[in-house]
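Protein chains: 4
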Amino acid sequence: MSKPVILVLGAGAGIGGHVAARFAREGYHAVLARRSDGEGLQRLVSAIKTNGDSATGMLVDASDDGAIEDMVARIESEIGPIDTALYNLGAQIGNRALSDTPHRTFELGWRLGCYGLFRLAHAMFPAMVERGKGTLLVTSATAAVRGNAGQHSHAAAMGGRRMLCQSLNAEFAPKGIHVAHVVVDGAVNAPDTLGRMLGDTFEAYKASKGEDGVLDPAAVAESYWHLAQQPRNAWTHELDLRPWSDVPWWNDNPVAG
Amino acid sequence: MSKPVILVLGAGAGIGGHVAARFAREGYHAVLARRSDGEGLQRLVSAIKTNGDSATGMLVDASDDGAIEDMVARIESEIGPIDTALYNLGAQIGNRALSDTPHRTFELGWRLGCYGLFRLAHAMFPAMVERGKGTLLVTSATAAVRGNAGQHSHAAAMGGRRMLCQSLNAEFAPKGIHVAHVVVDGAVNAPDTLGRMLGDTFEAYKASKGEDGVLDPAAVAESYWHLAQQPRNAWTHELDLRPWSDVPWWNDNPVAG
Amino acid sequence: MSKPVILVLGAGAGIGGHVAARFAREGYHAVLARRSDGEGLQRLVSAIKTNGDSATGMLVDASDDGAIEDMVARIESEIGPIDTALYNLGAQIGNRALSDTPHRTFELGWRLGCYGLFRLAHAMFPAMVERGKGTLLVTSATAAVRGNAGQHSHAAAMGGRRMLCQSLNAEFAPKGIHVAHVVVDGAVNAPDTLGRMLGDTFEAYKASKGEDGVLDPAAVAESYWHLAQQPRNAWTHELDLRPWSDVPWWNDNPVAG
Amino acid sequence: MSKPVILVLGAGAGIGGHVAARFAREGYHAVLARRSDGEGLQRLVSAIKTNGDSATGMLVDASDDGAIEDMVARIESEIGPIDTALYNLGAQIGNRALSDTPHRTFELGWRLGCYGLFRLAHAMFPAMVERGKGTLLVTSATAAVRGNAGQHSHAAAMGGRRMLCQSLNAEFAPKGIHVAHVVVDGAVNAPDTLGRMLGDTFEAYKASKGEDGVLDPAAVAESYWHLAQQPRNAWTHELDLRPWSDVPWWNDNPVAG
Chain U
1 MSKPVILVLG AGAGIGGHVA ARFAREGYHA VLARRSDGEG LQRLVSAIKT
51 NGDSATGMLV DASDDGAIED MVARIESEIG PIDTALYNLG AQIGNRALSD
101 TPHRTFELGW RLGCYGLFRL AHAMFPAMVE RGKGTLLVTS ATAAVRGNAG
151 QHSHAAAMGG RRMLCQSLNA EFAPKGIHVA HVVVDGAVNA PDTLGRMLGD
201 TFEAYKASKG EDGVLDPAAV AESYWHLAQQ PRNAWTHELD LRPWSDVPWW
251 NDNPVAG
Chain R
1 MSKPVILVLG AGAGIGGHVA ARFAREGYHA VLARRSDGEG LQRLVSAIKT
51 NGDSATGMLV DASDDGAIED MVARIESEIG PIDTALYNLG AQIGNRALSD
101 TPHRTFELGW RLGCYGLFRL AHAMFPAMVE RGKGTLLVTS ATAAVRGNAG
151 QHSHAAAMGG RRMLCQSLNA EFAPKGIHVA HVVVDGAVNA PDTLGRMLGD
201 TFEAYKASKG EDGVLDPAAV AESYWHLAQQ PRNAWTHELD LRPWSDVPWW
251 NDNPVAG
Chain P
1 MSKPVILVLG AGAGIGGHVA ARFAREGYHA VLARRSDGEG LQRLVSAIKT
51 NGDSATGMLV DASDDGAIED MVARIESEIG PIDTALYNLG AQIGNRALSD
101 TPHRTFELGW RLGCYGLFRL AHAMFPAMVE RGKGTLLVTS ATAAVRGNAG
151 QHSHAAAMGG RRMLCQSLNA EFAPKGIHVA HVVVDGAVNA PDTLGRMLGD
201 TFEAYKASKG EDGVLDPAAV AESYWHLAQQ PRNAWTHELD LRPWSDVPWW
251 NDNPVAG
Chain L
1 MSKPVILVLG AGAGIGGHVA ARFAREGYHA VLARRSDGEG LQRLVSAIKT
51 NGDSATGMLV DASDDGAIED MVARIESEIG PIDTALYNLG AQIGNRALSD
101 TPHRTFELGW RLGCYGLFRL AHAMFPAMVE RGKGTLLVTS ATAAVRGNAG
151 QHSHAAAMGG RRMLCQSLNA EFAPKGIHVA HVVVDGAVNA PDTLGRMLGD
201 TFEAYKASKG EDGVLDPAAV AESYWHLAQQ PRNAWTHELD LRPWSDVPWW
251 NDNPVAG
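Residue numbers (our numbering), protein chains in the order written: chain U, 1 to 257; chain R, 1 to 257; chain P, 1 to 257; chain L, 1 to 257.
To give an idea of the interface, some chain P residues facing chain R are shown, with a C-beta separation under 10 Å as derived from the structure:
{"#": "1", "residue": "101"}
{"#": "2", "residue": "115"}
{"#": "3", "residue": "159"}
{"#": "4", "residue": "161"}
{"#": "5", "residue": "170"}
No lab work stands behind these hints: they were computed from the structure.
Everything numeric in this text was worked out from a predicted model, so none of it was measured.
Virtual Cβ for every residue (Gly too), placed ideally from N, Cα, C.
Based on the sequences and whatever the hints tell you, model everything.
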């Protein structure tokens, strides 16, 4: 297969699915991987194919030993060299007081939020280094740049993720691999994650944010596409994304100064 | 005139000129403003027109009282509503010990690096607010995020610039104005600024940085174009840009940890 | 005179006055400088002397050409070598929309918030370098690390101040001068500044913050004293200070994550 | 026992041991916990007792399930309420390329660098909340604020640690618990860690840094003591510490600007 491959780890109906479709539309073969809901996955893959583009779906539990490594090996040998990967797994569990955050929860947050990214890079970068190029896009969150009440697990995982991205960039940018860390600093119109978390209140929540008040995953995918197309003389390592009407993470009450 | 207008303040042969040309190519009327070198300015304007696109050149000394204000008023009344502005004036004077940084130099750095941006926003935003939309792109530098030896004037100006951008964003994003602060964290292949500073050693310097080792202003302009096209549900306030082989500002000796 | 000298520029009844008294109590000669209110100044000086300690008061308008320079020269020649200086001048003008922030206001903010610090270092550091030691403490604010609505003037001045402190540190720490930037991230119980701003509502404001809910300037002075005593093998360049019950600048609504 | 208790987790001959001794000298009972080297531990405890102060030693492997929890319970029931704890466990393994960083190493880095701190807070904070006060000091590193080549494991652990500290602070500061994150941004004169890592070259390394060129753990302990004594109206959440002659993490080559 001669198409460049994009691997999306965490391919739901939000950012992941839209990035896969966006790259497929440009001639990539999109590999969509997610933990569960084979039917949902199949719908995303079919939508891409119906469009005349090219995609494969895989059910992968990234927290299983060897699962990420096997997936990378399989794609490289059966589908083609991975040109771009998107690490799109979250570790958000809503707000939990420390006493409501069991050890297991904290550990799982790290497994998905930080360790999985390390494992993906570990498995995927050697071939990219050999080819002298590759891109790793990482969806991240406000919690990567500041901790907050109720975010013990999420912030620890995301803070580790951000520092890991800087470490990967330091070693691998000079080898031709572009690592980009995207701080998604607002609610995304994603039925599989935010939608599931909010349930029946999802539509009311979106309405409460006003016009264009939540991030459209298609718009987010556009910025990911831009990042992946930057020539190596002008790479972005980090950018933030939020709706116009949202308060950025560094601002709170304007009165406080 | 029905074309949207982009105003580039600091339109030399580097980022400024390339952004003007990039937007003109997409159907904007580009207004290129710079302090001096009317011939160089004319060459940039002519190149855009030769391409079949639309541009105007203006000589403006941004440090003059009223100059920025007059320029904005003149463009709005004679050319058309400003859709996007790029503040591209620098305050870099090379490395100077504190004792070699006279009061006048420090003040001039602030006038160009910070005060001019305030004045541009002050003059231009009211009409944008009335129209409910507009974009202000700001070229910034490493010195906006960390001070360094020899950078007393430059870092003070750029640090003020960055905090001003956040303040402008906080007040005006909810009114539809997109403010984006671009941390250019590497050398730009710009004959009018870096080229003039380095003189005869410019080519040798670029060669020393290796292949794709300096930022190509056309590539930078591509990211500016992307920023200006982001729909308001997914705005970026800050991103960094550097060549693949450059060490990011937050890294120094890898041994230090 | 053989006592070490501390110069406090911006010596009101809040942080400035308390730092002066704290250092005087340890055997320093405190020079208290402020722009106006000679009576208030005299009260502070007298209180220190009544304690058996040593102090001088000076009325100085830091925004006047030459005023800072003359003050430094006069202290060095008439009182003694400046061991430690505290730059405690503010640029806070309350929250002002951009349209309510005239050019003059923005410039004055910079003159007090940033340029004055540059001038103090410019005038004072040569002698400190010759002596191989000295300390410059800088009171700073939340606006130095993040801009916000209504803070155009204040944040631009404070952001410049912070980057200037890093630049000064980079050149002068290796010459034995300790530069420390203190992010005061909360309201200070200071009658001359916050008190004047709030007027009749000052006491109600403090009560609304709860027990220990505003920064006690005596407690702040204790941390300044600690900074100034750190041996040069373990210097702090930046620390934050806020009341226990205050939300740090990087946190807003805990629900947002 | 009526003395307030300080628990030092990671009590070697460097920062940990010096903090224990410093607090003991002020009337605390110091509990020194470390993983191995019972003899070294005993020497530290004896030195404190010889001074007429009060201390207990414990061998604890913080990566064992239940070990931190048991230790906290035992101290609270057998020795006394923990007033202050210092989390001083490191995750530094020197510089390792990604390919030389096995999964196990990365996980262990997290267990010691991040998860252990979560477990300590989880076990210790409920009693502190009930008492309405307590202090958690956290020794951290440059890698908490920026990743770097070779630091994949260390930076991911420390970045998580920093965001966890902010999350703990957000929930527990308003309940009277002071969480302080100390960015140790330089080499510490610590025979048990840096000394062991450098072996025979330790003395030469220190000499190469010049006079006062490495952090003296006694000086560091002085700043920890200051942090723990701050009244709750003026708490510091984060400060940095480095030798005067060291380049701060945010600076590299002054030429680069």
